[in-house]
Every structure is written in C-alpha cells, then in structure tokens.
Amino acid sequence: MELPFAITLDVGSSHANRTGSWRVERPIYVDRLPPCNDACPAGENIQRWLYQAEPGDYEMAWRQLVEDNPFPAVMGRICYHLCETACNRAQLDEAVGINAVERFLGDLAIERGWSLPPAGAESGKRVLVVGAGPAGLSATYHLRRLGHQVRLVDSAPKLGGMMRFGIPAYRLPRAVLDAEITRIVALGVDVELGHTVQDIEVERNDGGFDAVFLAVGAQLGRRVEIPAGDSSRVLDAVSLLHRVAEDDPPLLGRRVVVYGGGDTALDAARTARRLGATDAVVVYRRNRERMPAHGDQLEEALVEGVTVRWLSTLSRFDGDRLVLEKMRLNDEGFPEPTGEIEELDADSLVLAVGQDTDLSLLDHAPDVAVDDGVVEVLPTMMTGESGVFAGGDSVPSERTATVAIGHGKRAARGIDAFVSGRAAVNADRHELATFDRVNTWYYSDAQRTRRPELERARRQSTFDEVVGGLTEENALFEARRCLSCGNCFECDNCFGVCPDNAVIKLGPSLRYEFDYDFCKGCGICVQECPCGAIDMVPERI
Amino acid sequence: MFQVRIHGRGGQGVVSAAEILSVAAFAEGRHAQAFPSFGSERMGAPVVSFCRMDDRPIRTREPVMEADAIIVQDVTLIHQVDLFAGLSPEGYLLVNTSRSFDELGLGEFFGEFHRDRLVTCPATEFALEELGRPLPNAALLGGFAALTREITLDAIDTAVRERFAGAVGERNAAAATAAYRFVTLAEEELVRAATN
Amino acid sequence: MTTQPVRFYQVGSFAVGNRLLPDDDRTVQSDQNRTNSLDSGHRACQGCGEALGARYALDAAMRATGGRLVAVNATGCLEVFSTPYPETSWRIPWLHSLFGNAPAVATGVAAAMKVKGKGDVRVVAQAGDGGTVDIGFGCLSGMFERNDDVLFICYDNQAYMNTGVQRSGATPPAARTATTEAVGPEPGNVFGQGKDLPRLAMAHDIRYVATATVADLHDLEEKVERAMQLHGARYLHILVPCPLGWGSAPNDTILVARLAKETGLFPVFEAEYGKVTAVSPIRHRTPVEDYLSIQRRYAHLFGEHSRTDIIARIQAIADQNIATYGLIDDEADSRGQKEVTA
Amino acid sequence: MLRQIEGSRAVAETVARCRPEVVCAYPISPQTHIIEAIGAMVKAGTLSPCEFINVESEFAAMSVSIGASAAGARAFTATASQGLLFMIEAVYNAAGLGLPIVMTLANRAIGAPINIWNDHSDAMAVRDSGWIQLFAETNQEAADLHVQAFRLAEELSVPVMVCMDGFILTHAVEGVDVPEQSDVDAFLPPYEPRQVLDPDDPVSIGAMVGPEAFEEVRYLAHLRHLDALERIPSLAAAFAEAFGRQSGGLVRPYRTEDAETIVVALGSVLGTIKDAVDGRRDAGERVGVVGITSFRPFPLDAVRDALSGARRVVVVEKAFSVGFGGVLSTDVAMATHDAGCSLRTVVAGLGGRAITRRSLEEMLAAASRDELDSVTFLDLDHGIIERERARMGATRRSGPSAENVLRDLGTVASWIG
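Protein chains in written order, with our numbering: chain V, 1 to 541; chain C, 1 to 196; chain X, 1 to 342; chain H, 1 to 417.
Hints were generated in silico from the structure; no laboratory data involved. We put the CB at the ideal spot given by N, CA and C, even for glycine. Be careful, since some hints might not be right.
[Claimed, not checked] Covered stretches of chain H (in silico footprint by chain X; criterion: 3 or more residues with CB under 8 Å from a CB of chain X, positions within the stretch not fixed):
1. 72–78
2. 87–97
3. 147–161
4. 194–200
5. 207–216
[To be verified] Partial list, computed: chain H residues near chain V (C-beta under 7 Å):
6. 203
7. 204
8. 220
[Said to hold, decoys possible] Okay, derived cross-link-like pairs now, DSS-like style, lysine-lysine, Cα gap no bigger than 30 Å in a straight line:
9. H/43 x X/118
10. H/43 x X/195
11. X/116 x H/43
12. X/195 x X/275
13. V/158 x V/125
14. X/114 x X/275
With the hints as extra help, turn the sequences into a complete structure.
As structure tokens, then:
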C-alpha cells in the first residue's frame with residue numbers, strides 16, 4: 001500500500017531514533033555477594049542453590065551445594081547457620097530457613113542416592129590428610145575433585161571425628177553421617193583408621209607426600225582444678241560424648257551437674273538426661289546473654305528439662321555435694337565472685353570448659369608455629385612449613401564443623417596451588433548485597449516455616465533425632481522466601497518496567513541485557529529490581 | 001406558471017398541502033415545486049407554504065410574492081398577517097371558514113378582484129366530518145381544484161392517497177371531494193350572482 | 001521442572017515476571033514475544049509512566065484479542081512522542097485524529113469493523129486525562145451512553161503535560177501546575193474541584209469500569225484482559241506518573257504510582273454495571289506525606305513553611321477513599337498467594 | 001424514475017443507493033430529514049449492511065465518520081450551520097487525513113443572531129479546510145452530486161461536501177429522478193481505501209508532522225484538489241453518459257455568449273437568476289450567468305473562460321466576510337484579475353432573506369447602467385440601519401441590534417418571503 005506522505009507511517013520506523021543518546025547514566029547488571037554466602041564459613045553459594053531449589057530442581061540445587069560442601073545432610077542438622085543470622089530477610093520478617101532447606105536437600109540426596117561429582121583427572125600428586133573429621137573429610141573431597149590422591153588417616157576406629165564423637169546422635173543420626181562420608185570415600189580415598197600419626201615429618205617423608213593437611217581437631221577435654229573428694233565422679237564432656245558415641249556410656253547417676261556454657265555443655269546435659277539423669281543442671285559463670293552456646297540449643301535443652309544455674313562457679317565437689325559460689329558481672333561483663341555460697345546435690349560432675357588440641361605430632365616440625373595451643377596458618381591454610389597445611393579446630397578459629405569444612409575446602413585449594421606450583425589466588429569477592437538495595441515491596445509476605453519438633457517426652461529418653469526435616473512443600477516454600485539478594489533471579493521486572501523496551505530478555509537462565517541504543521537511563525529498572533542486581537553508573541561523556 | 005400560497009399555522013398541514021398540490025400537478029404531467037417558508041417547528045406558529053405549477057421546468061426559488069391563488073387555512077391569521085399581499089387581480093382566494101367574507105369584515109376589501117374567484121369553504125368542518133380531526137388541508141385542495149380548475153379533483157385525490165395511506169387517505173380524499181362539491185356549488189352561486 | 005502445590009511464589013504477583021509461575025499465570029510483559037505495541041525509539045521523557053502504561057495495556061489487549069486490535073489515540077503526550085514524522089513507535093494499527101474526539105473515532109472504527117464483517121477486530125481508544133475528563137468528555141459520555149464496543153483507556157497523569165503542565169479536571173488538590181501555581185495562601189490546585197471519571201463512567205451503567213496503576217502490572221493486565229473479554233463500552237483509568245509534571249525522579253515512576261495506591265489517594269477497583277465489584281486493598285498503609293514529599297509539585301507543602309494543614313486535608317481525602325472503597329483488608333498481605341490460587 | 005419528492009428524501013435515497021456503511025446522525029435543521037430517512041432505512045433493514053449511529057454532537061458525527069473511514073468503511077453524515085462549526089476541527093482533520101467522507105451540508109446561516117434559514121456562511125467558514133465543496137442548483141443535482149461525490153472522494157482520498165441550500169432545496173418538493181441502484185452500483189465501485197486500520201498490515205495514521213514536511217503535506221493536498229479539477233468534469237461526463245443527464249461539473253454558464261454582464265453565483269439561487277437573466281435579455285440587456293458547482297477546488301481557469309467575454313461581472317453571494325465584502329468575489333476576482341472587466345459584489349439572501357427575481361432584475365439593470373456599488377446588499381432596509389445607528393449613537397446601552405431591528409419591523413409573523 002502506498003501510504004499518504006508523512007501523515008501515515010509504517011510500523012517499526014521509530015527504531016531509527018536511537019534514544020540511547022539521551023542517557024547520562026547507564027544501568028548495568030551486577031552480581032553482589034549475598035550476606036548468607038558472605039557469612040557461610042563453608043563458603044556455600046547459598047543464594048544460588050536456593051534459587052535452584054525454588055522451581056523444585058532439587059538435584060541441581062544439591063549439586064550446587066556440594067560444590068562447596070559435601071555434607072548437606074550433616075550441615076542441615078548441626079550447622080549453626082550464620083547465614084540465617086546474616087539473612088537480609090530477617091530485616092523484613094524473619095530469616096530464610098536456609099539450614100532446613102539444606103537438610104531437606106541433603107536428606108533427599110541420600111534418599112535418592114545422588115553421587116558427588118566424580119574425582120578429577122589424576123594429577124599424580126599425593127596428599128596426606130591427618131584427621132577424618134569435618135576438616136579432613138572436606139579437604140579430602142575437594143582434593144579428590146582436583147585430581148590429587150589422598151591418604152586419610154585417623155586414630156579413631158571410624159571416620160567423622162567430632163561429627164561422630166562429639167555431637168550426640170539425637171542431633172546427628174549416624175546413618176546420615178555415614179551416608180555422606182561414604183559418598184566421599186567412594187571418590188577413591190586411601191583410608192587408614194586407628195592410626196595415630198606420631199611424627200608428621202616422618203609420616204610425610206615415608207609416604208612421599210607432596211603435601212600434608214593436619215586436621216587433628218581438639219579432642220582433649222580441658223580440666224579445671226577444683227577440690228574434689230571423688231575424682232572418679234568427675235569427667236569431661238568430650239569423653240562423655242565420645243563414650244556415648246561408642247556405645248559405652250559412663251554411669252552418671254540421677255543428679256548430673258555440667259559445668260560450662262558452650263554447646264558442648266548443653267550436649268552433655270541433654271545426653272545426661274537421655275542416660276537417665278532426673279536432674280541435669282548446667283552451672284555457668286555468666287548470664288544467659290553472655291552464654292556462648294547457641295540460643296536454639298539452650299531452648300531445646302530447657303524444653304527437655306535441663307536447668308541452668310546462672311552466675312555460678314564451682315568451689316568444691318564433696319562426695320555428692322557440689323558447692324557453688326554466686327558471681328556477679330562487673331562493668332566490663334566479667335564475672336566476679338560474690339562470696340555467696342550455694343550447695344547442690346550431684347552424683348557426677350561433667351566439665352565442659354573447652355577442648356585442647358594434641359599437637360605432639362608436630363614436635364619435630366620446627367617450622368610449624370604453634371601459639372596458644374593452636375597452629376598458626378596463612379590464609380591458604382599453610383603452616384610455617386612448606387607443604388604442611390592445617391585446619392579445623394587445631395587452628396585459631398571458631399570451632400564448629402562448618403568452619404572446619406570451610407577450612408578443608410580452602411586448604412584443598414591451597415594445596416592444589418602448592419602442588420601445582422601456582423600462587424594461590426583468592427577469588428574476588430563481590431560487593432555485599434546489603435538490605436538497603438533490596439526492594440522489599442516485591443516479595444510476598446510469608447512467615448518462616450517451622451521445623452516439626454519431636455514431642456518433648458520422646459526426646460528426653462531416646463537419642464532419636466530431635467529436630468525433624470521439612471516436607472518438600474515446606475522446603476520449597478522456605479526456599480522461595482529467599483530474596484536472592486544481589487543476584488538476578490529473572491523476575492522480569494527490568495524487562496517489564498522499562499518504558500523504552502530497552503531491556504532484552506535472553507531467555508530462561510540467560511538473564512537479560514540492556515539495549516543501550518534505546519535505554520534513556522531513567523533508572524526505573526534499578527529502582528524496581530527486587531534484589532538490587534542493577535547498578536547505575538555514569539556514562540562516559 | 002401558476003403560483004399558490006398557502007397560509008396557516010404549524011400543525012395544520014400547511015406544508016403538506018403545498019406538497020400534495022405539487023404531487024397532484026406532477027401526476028398530471030406538469031412541473032411543480034412546493035416548499036415551505038419555515039419557522040421553527042412549533043405548533044400554532046404562522047406558516048406559509050408555496051406551490052408552483054408549470055408546463056416548463058421551474059427554476060425560480062423565490063417565495064411566491066405574486067400569487068395566482070391564496071389558500072388561507074386559518075382564518076384567525078387575517079388580522080395578523082398580510083395574507084393577500086401580491087395576490088394577482090386575476091387571482092383566486094380560498095379561505096377556510098364557515099363564515100362569509102362580509103361576516104369576516106373583508107367584503108369591501110376585495111373590490112379589485114374577481115368576486116367569483118373569492119370563496120370561503122368550511123374545510124375544517126368537512127375534515128371533522130370525514131376525519132374526525134381538524135386538518136383541513138386535503139379538503140382545501142379539493143376546494144382549490146374546484147375554484148381554480150388548475151388541477152383536477154382526480155389528481156388531488158391521487159396525491160392525497162399517495163400522501164396518506166389507507167383509511168386516512170380515503171377520508172382525506174372524501175373531505176377533498178366534499179369541499180370540491182361545496183366550492184363548485186358556491187362558484188355556481190357566485191357566477192349566478194354575477195350574471196344577475 | 002515440577003509443578004508444585006505450593007502457593008507461594010517468592011515475588012508472587014508483584015513483580016513483572018516469575019519463573020515459578022505456570023506459563024498461563026505469567027504477565028504479558030514477561031513474555032519475550034510480547035507485542036511491544038509501543039516500541040523503542042519513542043520520544044517520551046525518561047521514566048515516562050504513560051509510555052509504560054500504554055505498552056502494558058495495549059500489549060495485554062493484543063494478547064487478549066489474539067492480535068486483532070486497533071488503537072485510537074487522542075492528541076497529547078502519548079500521541080506526540082509516539083508518532084513524530086517520520087517515525088512511529090506503534091506496532092499495531094493506530095489512528096490519531098484530534099484531542100477531544102478519540103471516543104467517537106473509536107466508535108467509528110468499531111462500527112466499520114462490524115459492518116465490514118471484521119467483528120473480531122477490537123477497538124481501544126486512549127487519551128490522557130485532559131482528553132478524557134475535559135475536552136473529550138462529551139464524546140466519551142456519548143460513547144458510553146450508546147454502549148459502543150470500545151475500551152477507553154485514560155492514562156491519567158493529572159494535568160496537561162504535553163502543553164507544559166497546566167491544570168486539568170483531574171489535577172488533585174494542592175498540586176502545583178503552571179495554571180495553579182504554588183503561590184498565595186492556598187497554593188496549588190484548589191480543593192473541592194475535579195472530576196472523578198471512573199465514577200462518572202459508572203454512572204453510565206456501562207459494562208465495566210476499572211482503575212489501575214503502572215505499579216501493579218498483574219492487576220492492570222487482568223483488567224485489560226477482563227475488559228477485552230466483554231463487549232460494549234468499557235473504561236479503564238490508569239494512573240501514570242509524569243516525572244516532568246509531578247517533579248518526581250524518573251526512576252521513581254513506579255514507586256510514586258504504588259504510593260498513590262498505598263496511601264489511598266488513588267483507589268484501585270473494578271465495577272460492573274455501575275457497581276463496585278472488587279477493590280485492590282492497600283498492602284502497606286502509608287501516610288500521604290510519603291507520597292507527596294517525593295514530588296516537587298507538592299514541594300510547597302514541605303520545608304520551612306510546611307503546610308501541615310493542607311497535608312491533613314489531603315490525608316482526609318485518602319482516609320475518605322479508604323472508607324468509601326473499603327481499601328483496608330486484613331487479608332491484603334497474602335494477596336500474592338490469593339491471586340494465584342484464584 | 002422521476003418522482004415528485006422532497007429534496008432531503010431524494011438525497012437520502014440516493015445516498016442509500018451509494019451503500020454507505022457508517023452513517024452518523026445529529027439533528028440540526030435543515031438537514032434532519034436526510035438523516036432521519038436514512039435512519040429509517042437502516043432500521044427497516046433496507047439499507048444493509050450499515051451502522052447508523054446517533055451521536056451526541058456534530059463533532060462526534062464527523063469523528064465517528066473519521067474512525068469509520070480510516071477503518072475502511074464508506075462513511076456519510078450531514079450537517080448545517082452551527083453544526084458544521086461545531087465539527088470544524090474534525091472537518092479539517094478528515095481532510096488532513098485524506099479520508100473520503102461524504103457529507104451533505106444543508107446550507108444555513110450562522111448565528112448570532114441565531115437563524116435557521118439559508119445562506120452560505122457555513123460553507124464559506126470551512127472553505128479552506130481541504131474538503132471538496134460542490135454546490136447543487138436543484139434537488140436533482142443534489143442527489144446526483146452525492147453519487148459523484150463518493151466516487152470522487154474515494155478516487156482522490158479527499159472528503160467531499162455536497163452543499164444544498166437549506167429549506168430552499170432540502171424542503172422543496174419537486175421532480176427528482178433518484179438514481180437507480182443498479183446504475184449507482186455500476187458507477188460507484190466499492191470503497192478501496194488508500195490507507196486502512198488493519199491488524200494484518202498495521203500502520204500509524206495521523207502522525208505529527210513538523211516544519212520539515214508540513215508544507216509538502218499541504219501542497220500534496222493542494223495537488224489532489226488540482227487533480228479534482230480534472231476529475232470533476234470527467235466524472236460529470238461519465239455520469240451524464242450513465243444516467244442520461246447533466247449534473248455536476250465545474251461551472252455552468254447560461255446565456256453568457258455575447259453577454260456584457262455576467263452574474264456568478266452558487267447553489268439554488270441560480271434558478272431565480274436565470275429567470276432574471278431571461279427578463280433582462282427580454283429587456284434588451286446582454287446578460288448571462290455562470291453557476292459554479294465546484295467551489296473547492298475553485299476552477300480558476302473554467303471561471304476565467306466562462307467570464308472571458310464579459311465587461312462586467314456581478315457576484316451574487318449568500319455570504320460575506322464582515323469587514324471586507326464578498327467571499328466568492330475574491331475567488332472570482334482571482335480568476336478575472338487580468339481580464340479587464342469590472343467586478344461587483346452583491347450580497348443577498350442572508351439568513352433566508354428571499355432573493356426575488358424583481359430585486360435581481362433591478363440590480364442587473366443598475367449593473368448594466370454601471371450604477372452598482374462595488375458591494376451591494378440586496379434589499380437591505382436602510383431605514384432600519386439608520387434608526388439603529390441613531391440609537392447606538394444616542395445611548396451607550398442601546399441594547400442588542402437584532403432585537404431592536406425586530407421591534408422596528410413589528411411582528412415577525414407578517415413576514416412572507
């Protein structure tokens with residue numbers, strides 16, 4: 001059709017008008033570091049695996065997860081989830097139940113028998129890993145994936161370290177632990193149990209290892225010197241938990257007092273309840289606010305009938321009488337004695353005042369620096385001795401399984417660089433995805449899903465798992481509460497809200513790109529991006 | 001060309017009268033033109049309509065200033081409107097009234113005209129009789145045919161029936177015939193009077 | 001990918017798209033193959049709410065009609081920025097005639113389609129608030145009254161923006177325009193004036209009347225789709241912020257529209273045959289200050305000589321709307337789920 | 001078939017036979033009968049398919065027509081006077097968009113003072129709108145022009161206004177041979193739009209055009225009118241061949257051969273003028289008349305040719321430009337400016353004032369004596385004018401002239417012509 005001049009125009013002709021020239025600022029897509037990822041000691045890409053779980057693609061989510069951490073099912077039970085503390089959603093309503101989703105994925109993987117990614121192509125390098133706790137197993141896993149041969153030794157008869165011998169079964173069922181360890185071993189690991197390394201230098205040289213990873217943990221329960229009439233009725237929490245784990249529980253009596261304020265103290269008290277104690281009393285020098293144990297652990301303990309004597313310290317243990325002195329906190333928050341005395345009936349006393357590391361295997365390794373009972377390491381986890389790396393409870397850090405797993409990963413990377421003769425490079429960390437960048441309007445209001453809890457009566461007497469897992473529906477719901485902070489989750493907002501159609505949608509999982517020919521730089525996309533994954537930057541003029 | 005002017009009030013069928021007359025002329029094979037001089041379309045307002053008949057095409061569009069015939073449908077207009085302006089000395093006048101010109105006070109006024117061309121006719125009475133409604137236009141056209149002989153009663157009859165369908169046409173035609181007869185008789189009377 | 005019984009979709013229906021939703025529940029705007037009825041290269045200001053609203057509405061109408069759509073446009077910003085010779089931004093058949101006659105022109109198009117046996121081709125007429133509530137109102141009322149098969153969309157930016165921000169019958173009280181300057185004891189537009197066109201439309205007892213904002217795409221698209229399912233005269237009133245005329249930041253366009261709704265100043269509802277049938281409840285009730293203070297047209301109410309009295313009067317209007325339309329709903333917060341379930 | 005029929009009826013029936021597809025109606029005297037009749041035909045189903053739309057104003061009537069025409073339908077409406085002015089924005093727009101709408105204009109005066117009677121002020125007010133304006137002399141021509149108008153409009157994509165004098169033609173009952181359906185169908189092909197709103201081939205109609213192209217757009221519109229100057233005579237010829245009678249064309253001379261004085265006029269008054277011309281010829285004066293059928297486009301060449309032998313040109317027109325004089329006269333002057341003839345304007349028939357043969361003949365006699373003023377208002381009552389001017393001079397609050405004049409005249413009902 002020959003159209004009337006000027007008045008009637010053909011479609012598409014406005015593409016000749018490149019309105020992008022109006023722009024003084026341009027939007028760019030960014031990936032920011034979500035606070036959960038930032039906080040995760042194991043370096044998990046939590047936002048990413050939640051994203052993959054959101055549409056129900058659990059295997060992909062799990063695979064993303066085990067890129068960093070081979071213990072989802074274990075983590076989903078015993079991790080103290082700093083991620084949730086950091087979670088931006090906590091500022092909106094309540095943090096995403098990341099830990100529960102992790103457990104769901106971990107359990108599902110065990111149920112469905114998903115395998116870890118295979119070992120990498122053999123590098124010909126050999127690494128000795130001493131200690132088969134979370135740090136050692138994590139390092140083993142990552143080293144295998146990098147193609148290095150691993151010899152994993154532990155003095156205990158079973159793999160797992162503190163995960164097996166420190167954490168009670170009601171928190172971490174052994175079948176779960178075994179399943180996840182088995183998967184790692186299946187990658188092809190030379191395991192030697194019941195073998196205590198006496199001298200690391202000898203062991204390294206004899207075996208011709210290219211590198212060593214020390215992950216011997218902190219297995220020695222610390223003692224406090226108190227006058228005790230019958231020392232046989234005093235034991236340390238580590239030993240108690242270890243013996244329970246080995247099915248050899250000590251006799252504690254009806255009235256058990258646990259001294260200490262950490263998670264181990266609570267584990268000991270709760271274990272005592274399960275071993276038949278009618279009274280399980282935790283004695284702690286400070287108040288509740290200053291207790292190092294995690295809040296939910298305390299809650300669970302209290303629910304199970306454990307009681308706490310706050311602001312009390314041990315003076316004396318006479319037969320079946322424990323003498324306590326009341327304390328008060330000074331201005332700095334330190335406990336000071338008051339001179340006020342109380343008495344408590346006790347059949348046994350469990351000390352949970354910390355653990356020490358047995359570093360005797362380093363006696364002939366002068367280059368490995370030890371300070372305050374722990375090994376000094378570089379950021380790559382290498383000690384003062386070239387090729388010797390250390391991690392877990394035996395290096396200065398918070399002593400949790402998650403931290404240890406993170407150490408294992410980092411050490412594996414450090415070792416990989418070392419044995420390859422490369423300098424270790426730390427990946428650049430993206431800028432933090434802060435809450436102020438989140439446009440909360442877009443997120444549906446939804447409360448966090450509660451994990452079902454075993455009814456109180458049942459868990460007082462058995463070592464059955466206390467905290468249940470999520471149903472699939474709940475896990476999905478929880479995953480979808482994720483704000484995806486700082487990372488595009490393809491909500492199409494930028495694509496939709498652009499008045500100039502200057503956002504090109506590339507298709508599922510391919511995200512978007514800007515059409516700078518037409519983008520006028522209004523910034524609506526930036527403002528309306530729910531998760532803060534678009535930045536506005538000045539245009540170069 | 002024969003030019004007719006019809007005076008009346010809105011609602012009395014003044015405009016229709018001119019149109020019917022033109023249709024009658026057309027039916028007789030003549031050229032005809034009818035048109036009103038309109039005001040707003042309201043009942044009761046003075047209305048004038050015009051009709052021209054000719055054997056040649058009619059070109060003029062002026063109102064009928066010099067009438068060959070004037071039909072007055074509403075006698076009450078006599079003192080309001082210059083009804084007889086431009087009436088040719090040879091012209092015809094047909095007034096719808098049951099009264100005489102003398103009774104109307106017009107007797108002396110007509111000195112210059114042919115007295116036998118000035119007729120009153122109680123057309124409204126014929127209309128009431130036939131139609132039951134005071135619409136005198138068809139009757140007056142019958143009277144006009146009798147008075148002027150410019151058109152046949154047959155043609156009026158045809159045009160009236162063309163205008164009004166069915167029984168209404170029938171009754172209007174009857175009223176026209178009645179008026180025709182009345183005027184014919186009145187004419188004869190006048191002619192007689194004139195000859196006497 | 002599994003289909004879940006879970007009713008929670010992360011961004012629910014608040015964001016444009018949602019990969020977690022079934023295809024049918026996704027917005028037209030999230031579709032890679034959307035029409036882009038109003039395409040790139042138009043000359044609207046940065047952050048133009050009207051450009052956005054027009055594409056939202058017409059793309060939705062295109063989907064609802066299977067692409068059998070004609071748009072008629074009144075004179076105004078939308079017309080000027082979309083079709084300056086030699087370039088048009090429209091990808092659909094489009095006709096601009098005059099400022100005040102879009103409803104009648106649309107009637108003509110609809111009549112032509114009917115008479116041509118192309119009754120499947122549907123007609124949308126669109127105008128700004130001036131072309132709707134003022135100069136176009138006569139034709140609009142006629143179109144309504146005849147119940148012509150036209151969806152009329154008003155893109156309400158509350159003043160004559162094309163000519164440089166003069167007051168219209170849709171300009172809200174206290175707003176500064178070039179003809180209601182922020183001077184004198186009662187600065188800005190006066191109180192107690194203005195036309196509530198949705199209610200006037202309802203008074204015609206037409207099939208469907210709805211309001212919407214560019215801040216809630218799902219709602220807007222559903223209303224367009226609903227409108228296109230129906231025949232006869234229909235009216236959709238979309239609030240489209242104008243960064244230029246309102247003095248809002250270009251990137252705040254959607255935020256401002258959202259606040260207009262959340263404060264209660266712009267009630268979002270649907271009506272059929274003159275009766276309100278549904279309202280979009282306020283999700284987070286917001287004081288009007290939050291809305292007013294980010295627009296320079298209300299700058300005279302804030303700052304050193306702040307006019308809390310005037311702000312209170314505006315708040316009273318919002319409160320009245322909330323009461324009149326029942327905009328506060330206990331279930332409002334779960335709407336994201338409710339809608340998907342429905 | 002020749003029938004004695006009201007002009008409006010004849011036009012309505014003719015328009016119906018042109019198969020309009022969308023017809024808009026808004027009542028204004030004196031065009032109402034046309035639209036009423038078409039409405040009844042649509043309602044009865046005898047005109048189908050056709051959408052008959054009762055709109056709320058003339059502005060809407062033209063706007064609906066614009067929409068319908070742009071969507072490919074043959075659109076028709078009718079109006080007059082104030083109605084045309086109320087739609088004037090849309091009238092210009094239809095032309096600007098090149099939409100071949102046909103509209104009957106039942107010419108009527110424009111108020112104030114409000115006046116429902118005939119003159120040409122309305123048509124002159126849209127003279128520059130871009131519409132083709134054809135003036136009918138008789139009802140036969142009014143009917144015939146509509147058939148030609150649709151074809152002309154659609155061939156050129158230009159709207160056409162058929163102007164017929166209100167009441168004088170619209171309400172006159174006279175013999176008209178309403179074109180037969182089969183003949184109209186043969187003469188007028190279906191509407192094939194040059195641009196159309198079609199989802200299968202989308203275009204944007206009605207762009208904003210700036211200084212860079214506006215003049216060209218206007219010039220193209222002008223060229224289409226120049227094309228129309230070619231098409232109008234050939235369509236009239238084709239029409240004559242098909243229907244056996246002369247209607248339309250550009251100009252129509254009558255007794256202009258050897259005429260010293262030639263009258264120029266538009267519309268129905270030509271009939272009365274012809275009678276007057278005959279009268280003056282009988283009195284020995286060499287007088288003729290040229291009727292202009294196509295006022296826009298204005299046939300400069302044809303008018304120049306038709307007036308080429310005249311010593312005097314007298315333009316009789318039913319409109320005038322206040323403060324200036326004739327409207328048609330200026331156009332005629334443009335055609336004759338180098339012809340060496342004198343040009344006189346006679347303004348007549350304003351607001352329905354009867355133009356009588358007698359007055360015309362007196363005026364022509366005066367013209368032949370070269371006694372005519374350059375602008376003459378025919379049958380102007382100078383007494384009234386003087387009295388009113390005296391009143392106005394005497395007192396500031398002399399009141400509205402129209403009412404004063406009526407008071408001077410006495411009762412309105414005494415008026416005949």
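Hint check:
With 3 residues having a beta carbon nearer than 8 Å to a beta carbon of chain X, the region 72–78 of chain H meets the requirement of three or more and the stated coverage holds. A stretch counts as covered by a chain when three or more of its residues have a beta carbon under 8 Å from one of that chain; for the region 87–97 of chain H and chain X the count is 4, and the coverage holds. Under a criterion of three residues with beta carbons nearer than 8 Å to beta carbons of chain X, the stated coverage of the region 147–161 of chain H fails, only 0 such residues being counted. As drawn, the region 194–200 of chain H meets chain X at 3 residues by the rule of a beta-carbon pair under 8 Å; at three or more, the given contact holds.
Note: the region 207–216 of chain H has 6 residues with beta-carbon separation from chain X under 8 Å; the three-residue rule is met and the coverage holds. For residue 203 of chain H, the suggested interface contact is upheld, since its CB lies about 5 Å from the closest CB of chain V, less than 7 Å. With a least beta-carbon distance of about 5 Å to chain V, the hint placing residue 204 of chain H at the interface is held under the 7 Å criterion. Annotation: interface hint on residue 220 of chain H holds; nearest CB of chain V at approximately 6 Å, less than 7 Å.
Between the alpha carbons of residue 43 of chain H and residue 118 of chain X the distance comes to roughly 21 Å, so the proposed pair stays at or under 30 Å and holds. At roughly 37 Å between alpha-carbon atoms, residue 43 of chain H and residue 195 of chain X are farther apart than 30 Å, so this suggested pair is violated. Restraint check for residue 116 of chain X and residue 43 of chain H: satisfied, since their Cα atoms lie roughly 18 Å apart, inside the 30 Å limit. For a cut-off of 30 Å, the pair hint linking residue 195 of chain X to residue 275 of chain X stands: about 18 Å separates their Cα positions.
Pair hint residue 158 of chain V plus residue 125 of chain V holds up; C-alpha atoms about 26 Å apart against a cutoff of 30 Å. A hinted pair counts as satisfied when its Cα atoms are at most 30 Å apart, and residue 114 of chain X with residue 275 of chain X qualifies at roughly 29 Å.
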